[in-house]
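K.L.:
Top to bottom, those sequences are chains A and B.
In terms of the numbering used here, the first sequence opens at residue 1 and continues consecutively.
In terms of the numbering used here, the second sequence opens at residue 1 and continues consecutively.
Hints are computed from structural coordinates only; laboratory data are not their basis.
Given the structure is predicted, the values throughout are model-derived calculations rather than measurements.
One should not assume that every hint holds.
[Said to hold, decoys possible] In silico BS3-like pairs for lysine-lysine, Cα to Cα no more than 30 Å straight-line:
(1) 97(B) x 233(A)
(2) 16(A) x 51(A)
(3) 374(A) x 97(B)
(4) 79(B) x 91(A)
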Amino acid sequence: MHNLTIAELIKGLQSKEFTSVELTHHFLDRIGSLNPAYNAVITVTAEQALKAAAAADQRLAAGNAPDLCGVPILHKDIFCTDGVRTSCGSKMLDNFIPPYNATVVENFEQAGAVVLGKTNMDEFAMGSSNETSFYGPVKNPWATDSVPGGSSGGSAAAVAARLAPGATATDTGGSIRQPAALCGVSGIKPTYGRVSRWGMIAFASSLDQGGPMARTAEDCALLLNCMASYDDKDSTCIDREVPDYTATLNGSVKGLRIGVPKEYFSEGLHPGTENAVRTALAKLEAQGAELVEISLPNSALSVPAYYVIAPAEASANLSRFDGSRYGYRCENPSDLQDMYCRSRAEGFGEEVQRRILIGTYCLSAGYYDAYYGKAQQVRQLIQQDFASAFDSVDLIMGPTCPSPAFKFGSKGDDPVAMYLEDIYTIATNLAGLPGMSIPCGMVDNKPVGLQIIGNYFDEARILNAAHQYQQATDWHDLAPEGVAS
Amino acid sequence: MNWDTVIGLEIHVQLATKTKIFSGASTAFGAEPNTQACAIDLAMPGTLPVLNKQAVNYAIMFGLAIDAEIGQVSAFERKNYFYPDLPKGYQTTQLEKPIVGRGNVEIQLADGSTKNVRIHHAHLEEDAGKSLHEGNFSSKFSGIDLNRAGTPLIEIVSEPDMNNAEEAIAFAKKIHSIVTSLGICDGEMSQGSMRFDVNVSVKPSGSDVLGTRTETKNLNSFKFMEEAIKREVERQIDVIEDGGTIAQETRLYNGETKVARSMRSKEEANDYRYFPCPDLLPVIVSDEQVAELRRNLPELPDARQARFTEQYSLSDYDAGILSSDAAMAKYFEAVTSACNDAKLAANWTMGELSARLNNEDLSVAHSPVSAAQLAGLITRIADNSISGKMAKEVFEGIWAGEGSADEIIETRGLKQVSDSGALEQMVADVLAANQAMVDDYINTDEAKRKKKLGGFMGQIMKASKGQANPQQVNQILTKKLNELL
Numbered sequence: 001m002h003n004l005t006i007a008e009l010i011k012g013l014q015s016k017e018f019t020s021v022e023l024t025h026h027f028l029d030r031i032g033s034l035n036p037a038y039n040a041v042i043t044v045t046a047e048q049a050l051k052a053a054a055a056a057d058q059r060l061a062a063g064n065a066p067d068l069c070g071v072p073i074l075h076k077d078i079f080c081t082d083g084v085r086t087s088c089g090s091k092m093l094d095n096f097i098p099p100y101n102a103t104v105v106e107n108f109e110q111a112g113a114v115v116l117g118k119t120n121m122d123e124f125a126m127g128s129s130n131e132t133s134f135y136g137p138v139k140n141p142w143a144t145d146s147v148p149g150g151s152s153g154g155s156a157a158a159v160a161a162r163l164a165p166g167a168t169a170t171d172t173g174g175s176i177r178q179p180a181a182l183c184g185v186s187g188i189k190p191t192y193g194r195v196s197r198w199g200m201i202a203f204a205s206s207l208d209q210g211g212p213m214a215r216t217a218e219d220c221a222l223l224l225n226c227m228a229s230y231d232d233k234d235s236t237c238i239d240r241e242v243p244d245y246t247a248t249l250n251g252s253v254k255g256l257r258i259g260v261p262k263e264y265f266s267e268g269l270h271p272g273t274e275n276a277v278r279t280a281l282a283k284l285e286a287q288g289a290e291l292v293e294i295s296l297p298n299s300a301l302s303v304p305a306y307y308v309i310a311p312a313e314a315s316a317n318l319s320r321f322d323g324s325r326y327g328y329r330c331e332n333p334s335d336l337q338d339m340y341c342r343s344r345a346e347g348f349g350e351e352v353q354r355r356i357l358i359g360t361y362c363l364s365a366g367y368y369d370a371y372y373g374k375a376q377q378v379r380q381l382i383q384q385d386f387a388s389a390f391d392s393v394d395l396i397m398g399p400t401c402p403s404p405a406f407k408f409g410s411k412g413d414d415p416v417a418m419y420l421e422d423i424y425t426i427a428t429n430l431a432g433l434p435g436m437s438i439p440c441g442m443v444d445n446k447p448v449g450l451q452i453i454g455n456y457f458d459e460a461r462i463l464n465a466a467h468q469y470q471q472a473t474d475w476h477d478l479a480p481e482g483v484a485s
Numbered sequence: 001m002n003w004d005t006v007i008g009l010e011i012h013v014q015l016a017t018k019t020k021i022f023s024g025a026s027t028a029f030g031a032e033p034n035t036q037a038c039a040i041d042l043a044m045p046g047t048l049p050v051l052n053k054q055a056v057n058y059a060i061m062f063g064l065a066i067d068a069e070i071g072q073v074s075a076f077e078r079k080n081y082f083y084p085d086l087p088k089g090y091q092t093t094q095l096e097k098p099i100v101g102r103g104n105v106e107i108q109l110a111d112g113s114t115k116n117v118r119i120h121h122a123h124l125e126e127d128a129g130k131s132l133h134e135g136n137f138s139s140k141f142s143g144i145d146l147n148r149a150g151t152p153l154i155e156i157v158s159e160p161d162m163n164n165a166e167e168a169i170a171f172a173k174k175i176h177s178i179v180t181s182l183g184i185c186d187g188e189m190s191q192g193s194m195r196f197d198v199n200v201s202v203k204p205s206g207s208d209v210l211g212t213r214t215e216t217k218n219l220n221s222f223k224f225m226e227e228a229i230k231r232e233v234e235r236q237i238d239v240i241e242d243g244g245t246i247a248q249e250t251r252l253y254n255g256e257t258k259v260a261r262s263m264r265s266k267e268e269a270n271d272y273r274y275f276p277c278p279d280l281l282p283v284i285v286s287d288e289q290v291a292e293l294r295r296n297l298p299e300l301p302d303a304r305q306a307r308f309t310e311q312y313s314l315s316d317y318d319a320g321i322l323s324s325d326a327a328m329a330k331y332f333e334a335v336t337s338a339c340n341d342a343k344l345a346a347n348w349t350m351g352e353l354s355a356r357l358n359n360e361d362l363s364v365a366h367s368p369v370s371a372a373q374l375a376g377l378i379t380r381i382a383d384n385s386i387s388g389k390m391a392k393e394v395f396e397g398i399w400a401g402e403g404s405a406d407e408i409i410e411t412r413g414l415k416q417v418s419d420s421g422a423l424e425q426m427v428a429d430v431l432a433a434n435q436a437m438v439d440d441y442i443n444t445d446e447a448k449r450k451k452k453l454g455g456f457m458g459q460i461m462k463a464s465k466g467q468a469n470p471q472q473v474n475q476i477l478t479k480k481l482n483e484l485l
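Extracted from the complex, chain A is given alone in its bound form (with noise of 0.2 Å):
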């Protein structure tokens, strides 16, 4: 059953050839078995699990239960959880457990989607390894001496190794697209204010946007067809209609254009992924679709300016993290300064606290309008960059990261090395854009991702282009060694 995509086993559970208790059974088995070897999920919900399962079961007995009813996935440990431990990776919040659910849970919850866990990821989504995690690294399925990517490294590494057929995760510089890139899955970060943050732990609150993971386009069409909407309790959210995402997979994608921007195919780029995605755009252009050059000449700057961004939203995210009313706080503080200072500085990991002190410094008097001032005006560039390469393609294509899955600590000393692998995937939050990483070939026996960007709110197209893709090759079927069987 672990092998069947989300789309086959909705048919499975809608045609009574098994039960969601059954399949919920049989991931909570495969969770407990293989799980010890990838250390993707932190929180395993079996009695809920099954509950919510035998539930869904009675739903679908009686007839016109939801697409997502009965079918188990896990959630990234960012999004809150009512009664159950929201860790978010970090000590911090290692005895946190929420009295409510995030939006996005609850959209699950209403459709009769079955929640075995909760996935391990980046300490406060900090990280494109997987390494800052309290509760220790993820292993990447493909090559278990190397990284799943960050921050969702446990949500592309449970569905690698099928220990779900879906999670959520979150994406705020490429925290979807780079982990499912290197474990060869599926994932789309929507258009920001597609999907609800409420409940989604900040990390930078004007980049944060969640979104699904699965093995097929078409599987993340299903899970976005739930997780995208209008939420009044999130003032970013964007009051427009859902489309059926799946409704439009099917369509040709002659006359697509294609723009393939040159500043993705430069200096860094690793020659076997830059062939495996030079050869899918080839595929894609004998689709019918036509491929344009393009520019995004500031893109260099997206680097820099998110890292000036992204860790002063943070600084002030992290602050209410104090030892006062939940979470971690130290032992005996001798007074209310020592309580902060200790309870912040046991409580985060060293990656967190390096973005906090350079959000802190980037926010400082005298230094504002040097940084944080500036970053906003590249911020401007970069989406006018894309605006016009809008005006000339329907879509962006290239690398979703510059190489393959690293091994662990090889970059671990270099905050600056760990940051650049986010280099091709950090624009499209700066300007709010959705993008999407899809499996397209090996490079060593590791997964190569193609990033596809679209345009505000054309995640329909984004998915039909990446279906269309997948229904001419097979690297969304492939399985690291031991996990098909």
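Fit chain B to the given chain A structure using the hints.
P.N.:
Frame of chain A; chain B shown alone:
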């Protein structure tokens, strides 16, 4: 040397919205600690603010009342600092783009002259919670009550246009009058609904150069504010005349102990690292919205004063006092319409009632004597049923909850004797019993006889146990004595 004083005010006004500025929790005063603080107010992870539109409307109404520019696009920023009563670690406020721009407030001074005080701007922000240092805590701990956290405020910032405590108080009272008349604030000073920060500096008379200013924060009564200003002006002059210099600092004044002290120096001031709040969209105010609010603006104090002078034939002074406080004005008008005697209604509202309320530190809204009860009392004064002296006794009875004026007059047997037959007899009896006084009266020069009436009046009132109608007694007495001449 002579010194000039320069004063500017920052006034925090709690807006009388039912719910908080960014959450649905109630703003009602006086609830058990932390019973009116929801997940948003507690800054739980993943929660997001949603702006209360009523708070925006109230701020615009204030802007219209002071003839200010209304910001068509205003924006919220985060002001970052750590404090236990500030759950998010930042206050959401406005800095660069406040909702209300420059405006003007005219104040009346005791000598009848008027003065214009310029308003620099007014902005929307959230209130903080409260630290509780007394209560059931073990010695090392303080409590935090977050009921107030998130209560909407407008902070009104004046230009340094006031030159003494009297002007500052007149300005503060005028703002109180405006916001209570608009109905955007309950004006309850003792509950912290209005709080004042006072910026004070002194300079040699006639100098163009402003002295170094200090800020005395969080004064919550006109009286404390007046004391604090006077003391600070004296302190600054003493320091300078002793050869010292004024340090720019924030000070606190304790109204109970009358002690002022330094809270922090300029060097210790926080770097608040303001930046635009990414969780809230800019506030767009349309011309239609402003026009609609302008159309429905309640009567303002200046207009009401003019109306009171005209409609009730009150002096400017009486009209000014009665119209300044919206609740007081409403009360006065209710009394007047029920008793049909504006002059007596004005005297009693400004006199006995106000004095009693001040003594008990009550606002007119919480007066134990209702407008209908006071009107009932005035009706009995006007129809001569009771004397002025009895009226005070009856008023005390009403205050103590003994019932209406008529009930108290009845149960206490306070009815004034106005029956002329009975009064004639009383006067005749007293005259007969005091022949020596009568002779004295007759033998006195005509010009001085009037002074001798008091002695007879005292005897007659005593004989009637205070119940004789004094005006009538006076008439009868004069008539009878004159007959003896």
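K.L.:
Could you run down the list of hints and mark each one as holding or not?
P.N.:
Now for the hints, and whether the structure bears them out:
1. 97(B) x 233(A): It holds: about 24 Å lies between the C-alpha atoms, which stays within 30 Å.
2. 16(A) x 51(A): Holds, at roughly 18 Å.
3. 374(A) x 97(B): Given that 30 Å is the threshold and the Cα spacing comes to 19 Å, the pair holds.
4. 79(B) x 91(A): 27 Å, holds
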